[in-house]
Amino acid sequence: MANSFYNEILTDHNMHPVHKHELAACSCTRDGVNPSCGDEITLNLRIENGVISDGSFTGSGCAVSQASADIMLDLVIGKTTEEAVRLSGIFTKMIRGECSPEEIDELEEAGALQDISHMPARVKCATLGWRTITEMINEQG
Amino acid sequence: MKLSERNYKADFPVFEQYPDIAYLDSTATSQKPRQVIEAVAEYYRSENANPLRGLYSLAVKATDAYENARAAVRDFIGAASEREIIFTRNATESLNLVACSYGRANIREGDEILVTISEHHSNFLPWQILAKEKNARLKFLKCSESGEYTVEMLEKALTPRTKIFACAQISNVFGRLNPIRGFAEVCHKNGTVIVCDGAQSVPHLPVDVRELGVDFLAFSGHKMLAPMGIGVLYGREELLEQMPPFLYGGEMIEYVTLCGATFAELPHKFEAGTVNAGGAVGLHAAIDYINALGFEEIGRREQSLTRLMMREMAEIPHVHIIGSDDPDEHHGIVTFTVDDVHPHDAAAIFDEAGVAVRAGHHCAQPLHKYLNLQSTVRASIAFYNDESDVHRFTDCLRTMRGRMGYGE
Numbered sequence: 280m281a282n283s284f285y286n287e288i289l290t291d292h293n294m295h296p297v298h299k300h301e302l303a304a305c306s307c308t309r310d311g312v313n314p315s316c317g318d319e320i321t322l323n324l325r326i327e328n329g330v331i332s333d334g335s336f337t338g339s340g341c342a343v344s345q346a347s348a349d350i351m352l353d354l355v356i357g358k359t360t361e362e363a364v365r366l367s368g369i370f371t372k373m374i375r376g377e378c379s380p381e382e383i384d385e386l387e388e389a390g391a392l393q394d395i396s397h398m399p400a401r402v403k404c405a406t407l408g409w410r411t412i413t414e415m416i417n418e419q420g
Numbered sequence: 082m083k084l085s086e087r088n089y090k091a092d093f094p095v096f097e098q099y100p101d102i103a104y105l106d107s108t109a110t111s112q113k114p115r116q117v118i119e120a121v122a123e124y125y126r127s128e129n130a131n132p133l134r135g136l137y138s139l140a141v142k143a144t145d146a147y148e149n150a151r152a153a154v155r156d157f158i159g160a161a162s163e164r165e166i167i168f169t170r171n172a173t174e175s176l177n178l179v180a181c182s183y184g185r186a187n188i189r190e191g192d193e194i195l196v197t198i199s200e201h202h203s204n205f206l207p208w209q210i211l212a213k214e215k216n217a218r219l220k221f222l223k224c225s226e227s228g229e230y231t232v233e234m235l236e237k238a239l240t241p242r243t244k245i246f247a248c249a250q251i252s253n254v255f256g257r258l259n260p261i262r263g264f265a266e267v268c269h270k271n272g273t274v275i276v277c278d279g280a281q282s283v284p285h286l287p288v289d290v291r292e293l294g295v296d297f298l299a300f301s302g303h304k305m306l307a308p309m310g311i312g313v314l315y316g317r318e319e320l321l322e323q324m325p326p327f328l329y330g331g332e333m334i335e336y337v338t339l340c341g342a343t344f345a346e347l348p349h350k351f352e353a354g355t356v357n358a359g360g361a362v363g364l365h366a367a368i369d370y371i372n373a374l375g376f377e378e379i380g381r382r383e384q385s386l387t388r389l390m391m392r393e394m395a396e397i398p399h400v401h402i403i404g405s406d407d408p409d410e411h412h413g414i415v416t417f418t419v420d421d422v423h424p425h426d427a428a429a430i431f432d433e434a435g436v437a438v439r440a441g442h443h444c445a446q447p448l449h450k451y452l453n454l455q456s457t458v459r460a461s462i463a464f465y466n467d468e469s470d471v472h473r474f475t476d477c478l479r480t481m482r483g484r485m486g487y488g489e
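Protein chains in written order, with the working numbering: chain E, 280 to 420; chain B, 82 to 489.
Quick caveat, the hints were computed from the structure, so don't treat them as lab data.
Each hint should be verified, as a subset may be incorrect.
Reference listing, derived: stretches of chain B covered by chain E, where coverage requires no fewer than 3 residues with Cβ under 8 Å from a Cβ of chain E [as the list claims (entries may be wrong)]:
1) 429 to 438
2) 477 to 487
Using 27 Å as the maximum straight-line C-alpha spacing, the simulated DSSO-like pairs for lysine-lysine come out as follows [stated by the list, open to error]:
3) B:Lys-450 to E:Lys-403
4) E:Lys-299 to B:Lys-450
5) B:Lys-220 to B:Lys-237
6) B:Lys-270 to B:Lys-215
7) B:Lys-142 to B:Lys-220
8) B:Lys-213 to B:Lys-237
Just a sample of chain B residues kept apart from chain E, beta carbon distances all over 10 Å, derived [unchecked claim]:
9) His-269
10) Lys-270
11) Asp-289
Just so we're clear, the structure is a prediction, and the values are computed from it rather than from any experiment.
C-beta atoms are modelled at their ideal positions from N, C-alpha and C, and glycine is treated no differently.
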């Protein structure tokens, strides 16, 4: 039987997301969609001098997509955009099951989502927020 | 009602491998009994050659095996002749065949095609494409909240321009049995051809095409114990006769020259290329298995388990069943939502408990939109399920919201 990835970290971020709200004075915004579960998020970032000073998301979808976006924002707020893209890369690798334990440590709470690598159908839910932030930052140049 | 003592799971090798799985996704595809698996293996061991063309005795054996399967299908659904039984890959291909061949030849600009709002995409998209191609109108027959369609509702929706009505006998979301015989009568009075999707009905109850009066009936082998990749299109002979071929190629021709060809007789006109004889043999074995078991026993077990499942679900708060409250209107198909739990999360939690269910829109997006639902969970029952499967399912369902952090 599969390992449960519905652990407390995930369910807590799903039920009580910290960053799920509108964001005043945001510098960029981007929509992300995962058609398989019908997950939709709109990600907002405030970037000052290359640092993500604040971020938020709105949207709806399965617990995995919503909690993962919230966990991601916890991790990247206060970091540079380059660091955020690097961490997104590690997260994507983790979901593919290709990460070392040291790399997973860098992801802090997001490491709790590692078992999703056993559930290919849910990978798109878990990576939605991370994919959206990477695309957004890359587009900003 | 007590279930019979016989353990049907013993016939299905997959349950030897996974004794603890509660397989509640037979609406997507059924499991396969040993009798079918063995029949397919035996065909490839001792009868295999390319059917319909070989001029040697092994090829004759293969042809006989293939054509005997066709005769078994004819008898199983009460068709008048083997010429009315076309082997396809599945119900989807059968329905595409009707739309591409009959539809293209008969639909004109301004004609109307009527489909029910709950059709599976396979009995909806081919008509949507055809309507676009021909500048015809695609119209929807809407159901009641409990998923019911009546003959009166259809009568009101038909117009003199309605050339085709496409409808499932049993909806793969509601599980409700539609009054196909009454539908066929009003369609024929109106000069409308009725195309019936039998994918969910043929495996579960006796279907007789002449009694129903349908013009076309499509179904899949893999939902009725047979292998994947073999399906059936039944069509009334006089319609099939006039229809152009669907695919062109080997073994569907009579005579070919550089500038033209005449096509083979029915049913081979519609079976271009090397056929799936192994699949047809498997379907034959599946029909034999079902006949030996009997639809009475199948229906009784499925009904009894559906009643048990719905009775237990009714006691669980925050669970909402789509369609009728009456289990006897569900034919083993129970689609539902759980408040605050996304269906894909629900399916993953069921999986952790060893329960296989389907989640999503079940290839019926227009219906979900109509019901204002993004997606749903579906548990479906077959005769080989038992009470322990239902209990494993309801035990997990009871803890679902708690698992997701909601207080109860």
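Output the indices of the hints that this structure fails to meet, ascending. Number 7 - this is the single hint that the structure violates.
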